[in-house]
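Colleague: For reference, the chains in residue letters:
There are 2 protein chains.
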Amino acid sequence: MPIQIIPLKGMPIIEPGDDLVALTLDSLESMGLSPEDKDVYVYSHVIVSRSEGKLVDLNDVEPSRTAINFGEFTGKDPKIVEVVLRESRAIRRMAPGVIIAETKHGFVCANAGVDKSNVPGETVVAPLPDDPDMSAATIRRGIKDRSGFDVGVIVCDTHGRAHRDGEINVTIGASGFEVIKDRRGEKDLFGYELKVKRTAIADELASAAELVIGQSDEAIPAALIRGYDIEFSEESAANQLIRPRDKDLFI
Amino acid sequence: MPIQIIPLKGMPIIEPGDDLVALTLDSLESMGLSPEDKDVYVYSHVIVSRSEGKLVDLNDVEPSRTAINFGEFTGKDPKIVEVVLRESRAIRRMAPGVIIAETKHGFVCANAGVDKSNVPGETVVAPLPDDPDMSAATIRRGIKDRSGFDVGVIVCDTHGRAHRDGEINVTIGASGFEVIKDRRGEKDLFGYELKVKRTAIADELASAAELVIGQSDEAIPAALIRGYDIEFSEESAANQLIRPRDKDLFI
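Residue numbers (my numbering), protein chains in the order written: chain G, 1025 to 1275; chain R, 1025 to 1275.
So here's chain G without its partners, still in its complex pose (with noise of 0.2 Å):
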């Protein structure tokens, strides 16, 4: 059975409060799907924190003079600097258009992940979920309660990353499934044996879920994927994605 990456249709601009797990069984019935054990739902970070109400007004932000320093440097509006900051625990580097920031949760990424969520008009901002995995799992268990389906969820967001050019979408919450896919041990049954060890199973899914999210004429902030064998767990979470620095050998 191939797996299938499927868009998800016709989900409105959300707003702060709106009902993602609803919003979700809508779409799939819009597209005469219905939940499956063993989905994965992938989420646009930025329509997660729209519908948790995590956004900031640049117009209420009022620059430390950090921030405007650091915005002279950099060549970045302060007010959003500002709320890189307040998003950030280190600064990894800078550079004139750049700020690589580590964010509270831990992950290392331009601007914090900070998104402009620029709906014509508004100057508002939508940094990362304050939780993103309590974000994954709420979903989780709102499609469970809803549809009594077990599935996976992800909350995703596009980082850069060292040595290679281009940016990818990875996890940044998840929860349900393992993230990390231990394969130590293992051989196929050509008798290659396996170098990979410990695949990031839920990065993988989060890339293979930008093939259809935002790459279409309609915009597309979320996707299914179907047909590929999530390994269940009720205590998996985005932060084990996350190589601490001392233990970092590729940096």
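Be aware that one or more of the hints could be misleading.
Since the list can't tell identical chains apart, any single copy or any two copies may satisfy a pair.
[Unchecked claim] In silico lysine-lysine, BS3-like type, Cα no more than 25 Å apart, as pairs:
id	residue 1	residue 2
1	1033	1062
2	1100	1271
3	1062	1100
4	1271	1221
5	1078	1100
6	1205	1221
7	1271	1062
8	1100	1128
9	1033	1205
10	1062	1168
11	1128	1062
12	1100	1221
13	1033	1221
14	1078	1205
15	1128	1221
16	1078	1062
17	1033	1078
18	1078	1221
19	1033	1168
20	1128	1168
21	1168	1271
22	1168	1100
Hints listed in this document are in silico derivations from the structure and should not be mistaken for laboratory results.
Use these hints to put chain R onto chain G, whose structure you have.
Modeller: Only chain R this time, still in chain G's reference frame:
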């Protein structure tokens, strides 16, 4: 239309000289499929190296003094270290158990991508193909010649990465399509501004493919991704995915 990730079933253990194009078309036929325009075929680098005879028998390897030294420090077989060094243009980091190398192509990865390709009883390792972009181009032309269809081809490898735990599949060879999708200036129909500016589509396709490659009981060394709208390009290549060290703010 959903995107489909289809495992290429029925591939034998690949030996030097094997015709990956013929084996691909045979696999498709066995599943009742035939190529279509814009198909993307993703091959694990180990089968490409094997088909090209890029194999090293460790019994034939005489480790240098350097390889012996590094072997003692890292705890690795000095013969494997010797092969890693032959494939590397630089070493980025070394620690017990770990050599992070910069391959001759410029990819930064563990062990310069040298895989044990140990069909039982063999002492053979498979380094990366000498020119994975050329390997991909050759397969692409073969599929075009024999089927008439214009497809994209990826040669993939699994890499650990900075900041994030676990490995993901990435593209080390590509042919026929833009590996980076430049979306600067685009807006989606919601009006959300696209934060993602340059999406490394080839890497997202490679990661999607690994959801079926080597994941099932049956050994799957390659995948077909159908339904993604690649942008054809004759010039694009995986080496465009290499971020030059002096422009890398993520390290």
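Colleague: It remains to establish, for every hint, whether it holds in the given structure.
Modeller: Hints versus structure:
{"no.": "1", "hint": "1033 - 1062", "result": "both (20 Å within a copy, 23 Å between copies)"}
{"no.": "2", "hint": "1100 - 1271", "result": "between (32 Å within a copy, 19 Å between copies)"}
{"no.": "3", "hint": "1062 - 1100", "result": "neither (42 Å within a copy, 40 Å between copies)"}
{"no.": "4", "hint": "1271 - 1221", "result": "within (17 Å within a copy, 30 Å between copies)"}
{"no.": "5", "hint": "1078 - 1100", "result": "within (21 Å within a copy, 49 Å between copies)"}
{"no.": "6", "hint": "1205 - 1221", "result": "within (8 Å within a copy, 30 Å between copies)"}
{"no.": "7", "hint": "1271 - 1062", "result": "neither (32 Å within a copy, 41 Å between copies)"}
{"no.": "8", "hint": "1100 - 1128", "result": "within (21 Å within a copy, 37 Å between copies)"}
{"no.": "9", "hint": "1033 - 1205", "result": "between (30 Å within a copy, 22 Å between copies)"}
{"no.": "10", "hint": "1062 - 1168", "result": "within (11 Å within a copy, 37 Å between copies)"}
{"no.": "11", "hint": "1128 - 1062", "result": "neither (30 Å within a copy, 41 Å between copies)"}
{"no.": "12", "hint": "1100 - 1221", "result": "between (41 Å within a copy, 17 Å between copies)"}
{"no.": "13", "hint": "1033 - 1221", "result": "between (36 Å within a copy, 23 Å between copies)"}
{"no.": "14", "hint": "1078 - 1205", "result": "neither (32 Å within a copy, 29 Å between copies)"}
{"no.": "15", "hint": "1128 - 1221", "result": "between (28 Å within a copy, 24 Å between copies)"}
{"no.": "16", "hint": "1078 - 1062", "result": "neither (29 Å within a copy, 39 Å between copies)"}
{"no.": "17", "hint": "1033 - 1078", "result": "within (23 Å within a copy, 46 Å between copies)"}
{"no.": "18", "hint": "1078 - 1221", "result": "between (37 Å within a copy, 23 Å between copies)"}
{"no.": "19", "hint": "1033 - 1168", "result": "within (21 Å within a copy, 34 Å between copies)"}
{"no.": "20", "hint": "1128 - 1168", "result": "neither (29 Å within a copy, 50 Å between copies)"}
{"no.": "21", "hint": "1168 - 1271", "result": "neither (37 Å within a copy, 46 Å between copies)"}
{"no.": "22", "hint": "1168 - 1100", "result": "neither (43 Å within a copy, 48 Å between copies)"}
Hint check: violations occur at hints 3, 7, 11, 14, 16, 20, 21, 22; the rest are consistent with the structure.
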